[in-house]
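Given the structure of chain A, go ahead and fit chain B onto it with the hints provided.
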Amino acid sequence: MATLSPKDLHLSVSKSQDTAGTVAVEQAIFTSARTSNKDGYQLVAWSPGISAEDARLLAVWGPAHDSMIVSDPSDVSLNFHPLGQGKFCVSRTMLGTAEYSGRGGRQVYTHCFILSTEGFTRFQNDPFRVVSAALAIRDLRPGSELPTDLPTLKMLPSGPPVEPAMIRLFDAPLQQQMLVSWTHMALTTNKLTFTGSYNDRFLAVFFNLLPVSVRPQFSFSTRLRYSPRRDFRLIGLGSDIEEQKKASRQEGCSVFQFDAPARSPEMSRHPWATWVQVALCHREHDEAARMIGEVPLSARLEDLPSIGNRFRVAMSGRRMREAAASPAPVESVVVPETNADRDELLTLVERALEGDVAALERLNSTWCAQPDRQMESLREECARHFVKLAQERTIEPGTKASVAIEILSLILRTSI
Amino acid sequence: MTKRVLVAMDSYRLAECAVPVSCYICGVDNNYNTELCRHCAAPLALSHQARTQGLRPQMVAVLGTAAAGKTVYLGMLLDMLTRQNGRVQVLARGAFSITLQQRTMMALSNCRFPEKTPNEPDRWNWVHCQAKINSKKNPMELIMPDMAGEAILEEIDHPNAYPAIHSFLEKCSAVILLADTDRIERGGAEQNYFLMKLITYLSEQDNRKVRGKSTRPVAIVYSKADRCEPCFDDPELYAREKTPNLWQQVQQRFTNYGFFASGVAGSVGFRDAPGEGPTAVPLRIEPRGIVEPFEWLVRKI
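Each protein sequence line maps, in turn, to chains A and B. First residue of the first sequence? That's 1 in our numbering, and the numbers climb one at a time after it. First residue of the second sequence? That's 1 in our numbering, and the numbers climb one at a time after it.
You may find that some hints are simply not true.
Claimed, not checked - Per label pair, the in silico range of CB-to-CB distance:
1) A:310 <-> B:171: 33 to 43 Å
2) A:70 <-> B:52: 37 to 47 Å
3) B:201 <-> A:53: 55 to 65 Å
4) B:16 <-> A:136: 52 to 62 Å
5) B:19 <-> A:53: 31 to 41 Å
6) A:415 <-> B:276: 42 to 52 Å
7) A:149 <-> B:94: 44 to 54 Å
8) A:265 <-> B:201: 49 to 59 Å
9) B:112 <-> A:70: 18 to 28 Å
10) A:233 <-> B:276: 53 to 63 Å
11) B:52 <-> A:136: 53 to 63 Å
12) A:197 <-> B:86: 51 to 61 Å
13) A:70 <-> B:171: 20 to 30 Å
14) A:70 <-> B:188: 27 to 37 Å
As the list claims (entries may be wrong) - Straight line, CA to CA, 30 Å or less: simulated DSSO-like cross-link-like pairs of lysine-lysine:
15) A:38 <-> A:191
16) A:246 <-> B:171
17) B:171 <-> A:38
Note that these hints are calculated values from the structure, not bench results. All of these numbers come straight from a predicted model, not from anything done at the bench. Don't be surprised by glycine CBs; every beta carbon is placed ideally from N, CA and C.
With the rest of the complex left out, here is chain B:
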């Protein structure tokens, strides 16, 4: 005699794999179980998370030249915001979002700056978090990558060289532009030109959609401002005096903009290791003006 039994048909599990996953950044379809987008190399975890949450994440770009301090700024910002600070509260989404904060803080606690961000997009740190502001009822979902400065400039000079940056800048809701105060103080003009290029690039992206000034909020942050105390007193005046071209461009192309000054290392020394040249050493950690630009930006989005 044969007993009748119910046998589960497991083949339905394969149906899930047959459905492609669109990259949240560039929109290209990928296999279900792929880790990185085959086109732009952004993590597909962003897409999976965005799909499971009702709210579509907004994108915030942190841009600047190589060694402008993007990694340190973002890492410190996240570390400060993930603590209870009263004004803005941030909750990381996904374990990968904590890596940047972890690397930065570990490096700073060991009296060194984090290593240079590699140019390869698959090795960038992406942060997906939920930001809650006291004055706003609903929390916001945010995506912020830490991209290499050279890659940003390469993309601006040769559009589509980095598909991740191209798509990200097209879709991002707000921008933090970091200007290296140390290099401005040393008389270099490259910060000025780089930021002017970026401002032009961003405003032209917006003008394709709507004619006139761009409404995308832009925070111009003078990083490493601890090397120039007057910058903290009045960042806009500092911008007008030290980077007049940039100040003029921002006025003419954007409606929502703000100038800020920030600093993480209160004091920096240099260590000369044999064969490795001078290496910058943060002598004490004294974060100033880190949260303000972000808070201003989030309120504007």
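Isolated chain A, as found in the complex:
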């Protein structure tokens, strides 16, 4: 394991200082150690730009003994929160060496990166880009010896405000449904704990799908025990049942279960989440990225419903115009004119529920290509038929039928 020493970091700084467009990032290490100042959890090393107030706040937010939910030394917790006025802290926590006092357990080692508002904006207000840039410079794991001082880092931000490739990662209907539900919950609650088997990539995609100006409002922690002292907005608790119970007892905490996400009713869904659903279902990744990237930096969280509605209408309108200009392939689409066609659609629903991919595709193309009132009433009829059939059957989670239900829920825009 590489040891983090100030000397090594100086070398990397001198390299990056030659590169134009770098951002000055302060750093600090918060962990348990016996130093000349005091024993126990403290800031053991920090760069020159860390003020006394920053140090005090870092000690308040810093995770101390037994704060990590996991006990695997290789597991990592990522955290992001504001640090007083005009500063942000992105930190990476993991278990280090043995606790210095011989009382058992490992030290909890946190490497913090502190950016000014301007510096953070250069990273598109995305904490994951800061972590990536930091990891590109150094190995952030604790070494056998703790450094005593650290230099100010020069990091190079890169990439557009929104990465279409990140959105493309969530292509499966189940993932899309989860992302839509998550976006709705995250935007409509003040404090959201999330449980189950999630990974950091999910949070990275969520940040990517937010306008740059509102990203700083979503402070988060992953794999840290819940503590009211650390006022995160999104709190990842893994699968620890005790921590979940503890968090749910606190005031104003909502829960999102990754293993069984609750669907939000379409009518009450946050408009931004609805727009995300439209963008994901239509696989308009580049267009979605362009639209999010064009949201002005003055946009606030309160403005997201109206912006979301506008985007949804714009995207649907464009698709309708394109559909009118180029006729859809007639063979795969059911054009409902008679009762026989209606019956055919209901049969398609039944076949789709059996896991028939061709039926799913035909149903999907039917409503994508024919957005008119007659089709809307047929969609509702098919949705009712689908709900009735789904409720009659006993469907095991993880089977082909359960996946079909998820996809049909998206196509028919309904929930069971």
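For chain B alone, kept in the frame of chain A given last:
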């Protein structure tokens, strides 16, 4: 025909929830059914219990650096006092008050010391108990938290960093200061400086109210004294010789003070587990001088 019936109006039950509950430690109002204070994270069970009892609980602070032995001392003290020992009898109030005692004794019985107390106030163990002394007619209600050493020092260096500690130290009636004898014997000066800081902080809190020396009782306890036998013989002499600055400060700032020596582990060994470094192992449990400082303090309150 309609029979006349009496229907209970359950809405009155909501009236109870509309009344805020003040935190017993910091005084901030909280929702009725909240578990921890939204300001200082102290358990609101303390407030509920204080409200149902006629007697207002007194607060006793147990302070010391990280790894000075606060958890072990408090856990062992409670375990000893909850047995019939003749001089002081303690009765725990609320199931949460037994957790500290339980964790400490379970750890010691498994030949290990309890894990480090986390820095987060919501994870501290609070003890609410009733203490009865033979010579006193009425029993006393006491609240004693087991706080993390780093948090105490952080609060002293940056007041209001930990609202729970700030409010608690302002209101507490008596203080037990633990000095780590092992580290003093090894020549470290940090115990001396830490305790001097604490003494200054506490006396200045009192001087805001009344000028002159503080009357708040303070027991300076040399913990882990089994590592230095002369400390047991005359703790005050030990204080004068080994921590002269502290001894001087206490003399000048407090009127009610006492020096004590205590030890829980009669002997300590070290186990070197691969990847985890040396871990201290209590080889035998031999509590000495645990009850005396507490008994002295309770008589002074």
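Do the hints match the structure? See the list:
For residue 310 of chain A paired with residue 171 of chain B, a C-beta distance near 56 Å fails the hint of 33 to 43 Å. In this structure the hint that residue 70 of chain A and residue 52 of chain B lie 37 to 47 Å apart at CB holds, the actual value being about 40 Å. Against the hinted window of 55 to 65 Å, the Cβ-Cβ separation of residue 201 of chain B and residue 53 of chain A comes to about 21 Å, which falls outside the hint. The given range of 52 to 62 Å is respected by residue 16 of chain B and residue 136 of chain A, whose C-beta atoms sit roughly 57 Å from each other.
Checked against the given bound of 31 to 41 Å, the beta carbons of residue 19 of chain B and residue 53 of chain A, roughly 38 Å apart, stay inside it. The hinted window of 42 to 52 Å between residue 415 of chain A and residue 276 of chain B holds, with their beta carbons roughly 49 Å apart. Distance hint for residue 149 of chain A and residue 94 of chain B: a CB-CB separation of about 47 Å, consistent with the stated range 44 to 54 Å. Separated by about 56 Å at the C-beta atoms, residue 265 of chain A and residue 201 of chain B satisfy the suggested range of 49 to 59 Å.
Evaluation of the 18 to 28 Å hint for residue 112 of chain B and residue 70 of chain A yields a pass: the beta carbon distance comes to about 22 Å. Restraint check, residue 233 of chain A to residue 276 of chain B: a C-beta distance of roughly 35 Å breaks the suggested window 53 to 63 Å. Range check, residue 52 of chain B to residue 136 of chain A: Cβ separation about 59 Å, and the 53 to 63 Å hint holds. A beta carbon spacing of about 56 Å between residue 197 of chain A and residue 86 of chain B agrees with the range 51 to 61 Å that was offered as a hint.
One distance hint, 20 to 30 Å for the beta-carbon pair residue 70 of chain A and residue 171 of chain B, is violated here, with the actual separation near 38 Å. A C-beta distance of roughly 34 Å is found between residue 70 of chain A and residue 188 of chain B, which places it inside the suggested range of 27 to 37 Å. Annotation: proposed proximity of residue 38 of chain A to residue 191 of chain A is violated, straight-line Cα distance about 34 Å (limit 30 Å). Annotation: proposed proximity of residue 246 of chain A to residue 171 of chain B holds, straight-line Cα distance about 29 Å (limit 30 Å).
Taking the CA atoms of residue 171 of chain B and residue 38 of chain A, the gap is about 26 Å. The hint holds against a cut of 30 Å.
Of the numbered hints stated above, those contradicted by the structure are hints 1, 3, 10, 13 and 15, listed in ascending order.
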